[in-house]
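Could you put together the complete structure from these sequences and hints?
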Amino acid sequence: MDCLLCSAIFLGCIAMLFVFVRRNFSSRTKVPKLPETWWTPGTENAADHYIRSYKVTFTEEVVKDLKYRLNHTRPLTPPLKNVAWTYGTNTDALSKFLDYWANNYNFEEREKHINQYPQFKTNIQGRRVIVN
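Numbering (the UniProt record's numbering), first residue to last: 1 to 132.
To be clear, the hints were calculated from the coordinates, so they are not data collected in a lab.
Hints are supplied without guarantee of correctness; some may be wrong.
Pairwise CB distance ranges, derived in the manner of DEER restraints [unchecked claim]:
#1 Q116 <-> D92: 32 to 40 angstroms
#2 A47 <-> D92: 32 to 40 angstroms
#3 G12 <-> W85: 47 to 55 angstroms
#4 R110 <-> A47: 24 to 32 angstroms
#5 T43 <-> T91: 37 to 45 angstroms
#6 V19 <-> T91: 53 to 61 angstroms
#7 F25 <-> K55: 39 to 47 angstroms
#8 P35 <-> F97: 35 to 43 angstroms
#9 N24 <-> T91: 33 to 41 angstroms
#10 E109 <-> W85: 27 to 35 angstroms
#11 T43 <-> R23: 42 to 50 angstroms
As a list, the in silico SDA-like pairs of lysine to any residue whose alpha-carbon atoms are at most 25 angstroms apart [unchecked claim]:
#12 K67 <-> L94
#13 K55 <-> G12
#14 K33 <-> R127
#15 K96 <-> F120
#16 K112 <-> D92
#17 K96 <-> T86
#18 K67 <-> K81
#19 K33 <-> I114
#20 K81 <-> D92
#21 K55 <-> N106
#22 K96 <-> K55
#23 K64 <-> K81
#24 K121 <-> N104
#25 K55 <-> R110
#26 K64 <-> H113
#27 K67 <-> T86
Glycine included, C-beta positions come from ideal geometry on N, C-alpha and C.
And the structure:
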């Protein structure tokens, strides 16, 4: 019993020593100081820093344009046999994706799904930032 108690005390002391050394003597990486960069020079005073809510909308014009582009892509090169995705995008799979987006994707349903969560946008250093 005494041996077990001594071992527990010894391990506890080693653990406390380890924590002490780690906290006080380890080199810590300091966060570098970065310059205040403005991504759109000349608009520093014109930027609006308010956080605004908004709704995602897929207008019929945008959806129609997207579907047109998806249906009128260049012909795809047939994929190599038995290589799956080893050498890049498998064009058989890409054809299926293009067809799904052009003919089966329900933009109205997705718009409702996205907008059930609050959406926000603001301006940080001249860049529009969207937060979902």
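Taking the hints in turn, this is what the structure says about them:
At about 35 angstroms, the CB distance of Q116 to D92 agrees with the hint of 32 to 40 angstroms. At roughly 46 angstroms, the beta carbons of A47 and D92 sit outside the given window of 32 to 40 angstroms. The beta-carbon spacing between G12 and W85, approximately 53 angstroms, falls within the hinted interval of 47 to 55 angstroms. Range check, R110 to A47: Cβ separation about 31 angstroms, and the 24 to 32 angstroms hint holds.
Remark: the range hint 37 to 45 angstroms for T43 to T91 is upheld by a beta-carbon distance near 42 angstroms. The hinted window of 53 to 61 angstroms between V19 and T91 holds, with their beta carbons roughly 56 angstroms apart. Between F25 and K55, the C-beta spacing of about 54 angstroms breaks the proposed range 39 to 47 angstroms. Restraint check, P35 to F97: a C-beta distance of roughly 42 angstroms satisfies the suggested window 35 to 43 angstroms.
Distance hint check: the CB atoms of N24 and T91 are about 59 angstroms apart, inconsistent with the given range 33 to 41 angstroms. Remark: the range hint 27 to 35 angstroms for E109 to W85 is upheld by a beta-carbon distance near 29 angstroms. With their beta carbons about 45 angstroms apart, T43 and R23 fall inside the hinted range of 42 to 50 angstroms. Simply put, K67 and L94 have alpha-carbon atoms about 15 angstroms apart, close enough for the 25 angstroms limit, and the pair holds.
For the given pair, K55 sits about 56 angstroms from G12 by alpha-carbon distance, which is inconsistent with the 25 angstroms threshold. Between K33 and R127 the alpha-carbon distance is near 20 angstroms, which keeps this suggested pair within the 25 angstroms criterion. Of the supplied pair hints, the one linking K96 and F120 is violated, its CA atoms being roughly 33 angstroms apart against a limit of 25 angstroms. A distance of roughly 31 angstroms separates the Cα atoms of K112 and D92; the hinted pair therefore is violated under the 25 angstroms criterion.
Of the pairs offered as hints, the one joining K96 and T86 holds, with about 18 angstroms between alpha carbons and a cut-off of 25 angstroms not exceeded. For the proposed pair K67 and K81, the alpha carbon gap of about 29 angstroms is over 25 angstroms, so the pair is violated. Among the hinted pairs, K33 with I114 is inconsistent with the structure: their alpha-carbon atoms are about 37 angstroms apart, more than 25 angstroms. A threshold of 25 angstroms between alpha carbons decides the hint, and for K81 with D92 the separation of about 11 angstroms falls inside it, so the pair holds.
Between K55 and N106 the CA atoms are separated by roughly 17 angstroms; this keeps the pair inside 25 angstroms, and the hint holds. A C-alpha spacing of about 30 angstroms is found between K96 and K55, which places the hinted pair above 25 angstroms, so the restraint is violated. Annotation: proposed proximity of K64 to K81 is violated, straight-line Cα distance about 35 angstroms (limit 25 angstroms). Taking the CA atoms of K121 and N104, the gap is near 30 angstroms; set against the 25 angstroms cutoff, the hint is violated.
Taking the CA atoms of K55 and R110, the gap is near 12 angstroms; set against the 25 angstroms cutoff, the hint holds. As the CA atoms of K64 and H113 are separated by approximately 20 angstroms, the hinted pair is consistent with the 25 angstroms bound. With a C-alpha separation of about 29 angstroms, the suggested pairing of K67 with T86 is violated against the 25 angstroms cut-off.
Violated hints for the displayed structure, listed by number in ascending order: 2, 7, 9, 13, 15, 16, 18, 19, 22, 23, 24, 27.
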